[in-house]
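Input sequences plus hints: build the corresponding full structure.
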Amino acid sequence: MTISTRLTTPLRVDPTALAPEVGFFRYGVVGGKVLLTNEGGEFHFLEQDRFDTFLRGKIDGEERVELERKGFFKTGLDIDRMAGRIRRKKSFLGGGPHLHIVVTTLRCNHACKYCHASRTDMDRVDTDMSLATAREVVEFAFGTPSRVLNFEFQGGEPTANFAALKFVVEHALEKNRYEDRELLFSLVTNLTLMDDEKMNFLVDKGVMVCTSLDGPEDLHNKNRGWIGKGSSYQTVSGWMEKFNQAWIAKGLDPNLFHVDALMTCTRDSLSRGREIVDEYVKRGIKSIHLRPLNPFGFAVNTWKQIGYTMEEFLAFYQDTLDYILELNQQGIFIQERQAAMFLTKMLTPDDPNYTDCRSPAGSGSAQLAYNFDGSIYTCDEGRMVAHMGNDFFKLGHVTGTAWNDIAKHPTVRAIAVASIQEALPACVDCVYKPTCGIQPLHNYMFDGDLFGQRPRSRKCQEFFGEQADLYRRLAEDTDGRVEKIFRRWTIQRSRPGTIPYPTEGSA
Amino acid sequence: MSDVNGLTTDLGERRARFEVDESIYALDTIQGAAYLFLDRCYVFLDRPADRRVAVLLKAKGDADEATLEALAGEFANELLNQALRKAVGASNAKIREFILAKAFFSVDAPSSIDKLLAELDAEEMEPLEIPVPWEKSDG
Numbered sequence: 019m020t021i022s023t024r025l026t027t028p029l030r031v032d033p034t035a036l037a038p039e040v041g042f043f044r045y046g047v048v049g050g051k052v053l054l055t056n057e058g059g060e061f062h063f064l065e066q067d068r069f070d071t072f073l074r075g076k077i078d079g080e081e082r083v084e085l086e087r088k089g090f091f092k093t094g095l096d097i098d099r100m101a102g103r104i105r106r107k108k109s110f111l112g113g114g115p116h117l118h119i120v121v122t123t124l125r126c127n128h129a130c131k132y133c134h135a136s137r138t139d140m141d142r143v144d145t146d147m148s149l150a151t152a153r154e155v156v157e158f159a160f161g162t163p164s165r166v167l168n169f170e171f172q173g174g175e176p177t178a179n180f181a182a183l184k185f186v187v188e189h190a191l192e193k194n195r196y197e198d199r200e201l202l203f204s205l206v207t208n209l210t211l212m213d214d215e216k217m218n219f220l221v222d223k224g225v226m227v228c229t230s231l232d233g234p235e236d237l238h239n240k241n242r243g244w245i246g247k248g249s250s251y252q253t254v255s256g257w258m259e260k261f262n263q264a265w266i267a268k269g270l271d272p273n274l275f276h277v278d279a280l281m282t283c284t285r286d287s288l289s290r291g292r293e294i295v296d297e298y299v300k301r302g303i304k305s306i307h308l309r310p311l312n313p314f315g316f317a318v319n320t321w322k323q324i325g326y327t328m329e330e331f332l333a334f335y336q337d338t339l340d341y342i343l344e345l346n347q348q349g350i351f352i353q354e355r356q357a358a359m360f361l362t363k364m365l366t367p368d369d370p371n372y373t374d375c376r377s378p379a380g381s382g383s384a385q386l387a388y389n390f391d392g393s394i395y396t397c398d399e400g401r402m403v404a405h406m407g408n409d410f411f412k413l414g415h416v417t418g419t420a421w422n423d424i425a426k427h428p429t430v431r432a433i434a435v436a437s438i439q440e441a442l443p444a445c446v447d448c449v450y451k452p453t454c455g456i457q458p459l460h461n462y463m464f465d466g467d468l469f470g471q472r473p474r475s476r477k478c479q480e481f482f483g484e485q486a487d488l489y490r491r492l493a494e495d496t497d498g499r500v501e502k503i504f505r506r507w508t509i510q511r512s513r514p515g516t517i518p519y520p521t522e523g524s525a
Numbered sequence: 010m011s012d013v014n015g016l017t018t019d020l021g022e023r024r025a026r027f028e029v030d031e032s033i034y035a036l037d038t039i040q041g042a043a044y045l046f047l048d049r050c051y052v053f054l055d056r057p058a059d060r061r062v063a064v065l066l067k068a069k070g071d072a073d074e075a076t077l078e079a080l081a082g083e084f085a086n087e088l089l090n091q092a093l094r095k096a097v098g099a100s101n102a103k104i105r106e107f108i109l110a111k112a113f114f115s116v117d118a119p120s121s122i123d124k125l126l127a128e129l130d131a132e133e134m135e136p137l138e139i140p141v142p143w144e145k146s147d148g
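Just so you know, the protein sequences line up as chains A and B, in that order. Note that the numbering used here has the first sequence beginning at 19, numbered continuously upward. Note that the numbering used here has the second sequence beginning at 10, numbered continuously upward.
FYI, nobody ran anything at the bench for these hints, they're computed from the structure. Keep in mind it's a predicted model, so treat the numbers as computed, not measured. All clues given are correct.
If you want the footprint, here are the derived chain B segments under chain A, 3+ residues with CB under 8 Å:
| no. | region |
| --- | --- |
| 1 | 80-93 |
| 2 | 105-113 |
Covered stretches of chain B (chain A as the covering partner; in silico rule of three or more C-beta atoms under 8 Å from a C-beta of chain A):
| no. | region |
| --- | --- |
| 3 | 45-59 |
| 4 | 96-102 |
Taking lysine to any residue pairs in the SDA-like style, the calculated list, with each CA pair at most 20 Å apart, reads:
| no. | chain 1 | residue 1 | chain 2 | residue 2 |
| --- | --- | --- | --- | --- |
| 5 | A | Lys451 | B | Arg105 |
| 6 | A | Lys51 | B | Asn86 |
| 7 | A | Lys300 | A | Ile266 |
| 8 | B | Lys95 | A | Gln439 |
| 9 | A | Lys412 | A | Thr162 |
| 10 | B | Lys111 | A | Asp96 |
| 11 | B | Lys95 | A | Arg74 |
| 12 | B | Lys111 | A | Gly112 |
| 13 | A | Lys108 | B | Phe113 |
| 14 | A | Lys300 | A | Gln252 |
| 15 | B | Lys67 | A | Arg474 |
| 16 | A | Lys107 | B | Phe107 |
| 17 | B | Lys111 | A | Asp368 |
Cβ coordinates follow ideal geometry from the N, Cα and C atoms, glycine included.
What follows is the structure, encoded as structure tokens:
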């Protein structure tokens with residue numbers, strides 16, 4: 019997979035032919051057509067033999083009217099409308115951190131092959147967050163300006179220190195009686211330390227639960243080594259069912275209230291996409307996130323065994339998406355979460371504010387991660403880098419650091435600068451620029467600097483390939499059936515505690 | 010030495026070298042094209058003469074003559090794309106600055122923006138029958 023060959027088009031391209039009335043556009047060839055995109059989030063497919071006519075400003079008729087309405091010509095350009103669309107697409111700017119990742123402990127009873135969260139053995143209670151620190155975390159989060167506060171519990175296995183989790187939830191709810199923020203709680207857990215008392219607390223307080231489910235039993239258990247007796251899969255699926263029944267017993271809509279799950283794709287998953295989707299459908303899960311493996315953490319050592327190229331992942335992604343669309347056409351609703359995130363950017367006036375795919379990136383400005391000891395990091399991956407001995411992404415501590423210190427922190431500013439697409443070679447010209455985003459931390463991990471080089475970036479290849487696939491499906495969608503399904507995927511029905519686009523942490 | 014469609018390329022062991030006329034392609038256009046090839050080959054730019062830029066592409070692994078010739082050809086195509094992008098950017102620079110200033114620094118009356126956003130909402134939502142949950146509709 020290389021972005022240069024994708025950008026090199028077989029088009030007739032005559033730079034000297036550009037007519038002055040042609041507006042700003044980016045372009046590429048997708049699905050046999052020329053895809054035009056612009057800053058307002060508009061896109062248009064041109065037949066290839068029309069591209070030269072477009073450049074010369076000679077397109078007329080209905081297509082001319084449509085191109086003018088979308089802002090691809092200066093003639094007829096509604097500047098107020100274009101400015102409004104851009105403002106809406108970037109409305110996340112200045113919102114402050116809405117995602118607050120709380121690491122209640124580093125202890126974990128799993129040793130997953132691909133784990134990129136720092137973890138310790140179960141006897142390391144010294145890595146538990148104290149209640150005093152938990153209180154300071156809540157106080158700090160409420161000191162940030164975001165209208166929405168989403169406390170996302172991660173680890174380790176966060177339920178191994180349930181007392182801290184419970185304290186954060188109760189203290190935040192109490193504090194919110196006076197603060198009146200939109201408060202959300204989500205727990206990313208492997209479910210294997212769950213019991214009835216914990217479950218009842220979580221259901222009662224509206225904490226949504228997200229677990230890891232890598233697919234059918236043999237695949238799940240192979241990927242997710244459990245330091246315990248029995249089958250991780252059986253335990254996870256059993257608790258998923260119990261939670262789902264508990265929400266139904268409370269009279270809640272099971273289409274909205276159910277355990278969400280994340281899957282991580284290993285080499286063993288590549289040939290089993292359809293089985294994995296079937297497993298999710300069987301469990302009543304409406305959304306699956308086909309996540310590639312990151313060569314971080316444990317995966318660095320196991321890469322030869324479980325890793326793969328980005329071309330292999332994208333082939334898996336496309337084949338599995340074919341199947342998901344087949345199911346949707348049969349009336350079985352399940353969405354692919356990464357696709358839904360991109361489609362929201364492509365097909366609606368909004369941006370989903372997914373902190374890992376924004377420009378500028380959300381690390382430190384839209385999300386913060388609190389380690390068990392109260393240290394504040396830009397994001398969960400930043401905490402992991404610290405665990406490897408590099409404190410570059412540490413921003414301060416819940417005691418002694420103010421929100422203003424974080425907002426002005428050199429690392430936060432550097433991340434913002436390194437993720438402004440308009441200033442990055444390749445991104446600035448990329449046809450997918452309006453719907454894409456940057457992850458400077460990935461660049462830092464692979465290239466040793468925040469800016470990195472797009473053609474060599476695994477994350478760039480992933481985002482580029484996924485968006486190319488989605489636009490191709492739209493280009494080839496002659497009867498509109500695929501677009502109809504895609505538009506449904508962009509509808510987010512509100513559910514207390516939902517994390518529409520969870521971070522990449524493992525459960 | 011290879012000459013395909015006027016692109017004269019000096020092919021050596023794992024490397025292709027050709028020259029670009031800077032009166033046709035500006036240096037930043039050449040650099041923009043070169044950047045996109047970083048994952049595929051090592052790129053070296055040189056100036057053998059006034060207004061001439063030499064491009065040396067060195068394969069990172071084994072590469073036969075056909076592969077090297079194709080690499081040079083793709084680079085030449087990318088020069089055209091980069092030149093067009095530059096022309097589009099230059100032609101629209103002022104209006105883009107104006108639109109961005111309006112988007113982020115204007116103080117339009119809120120009512121007009123609210124109206125705009127309402128229009129956008131209506132545009133996206135009407136065909137979706139959004140009040141009807143998906144599971145109760147036809148799909």
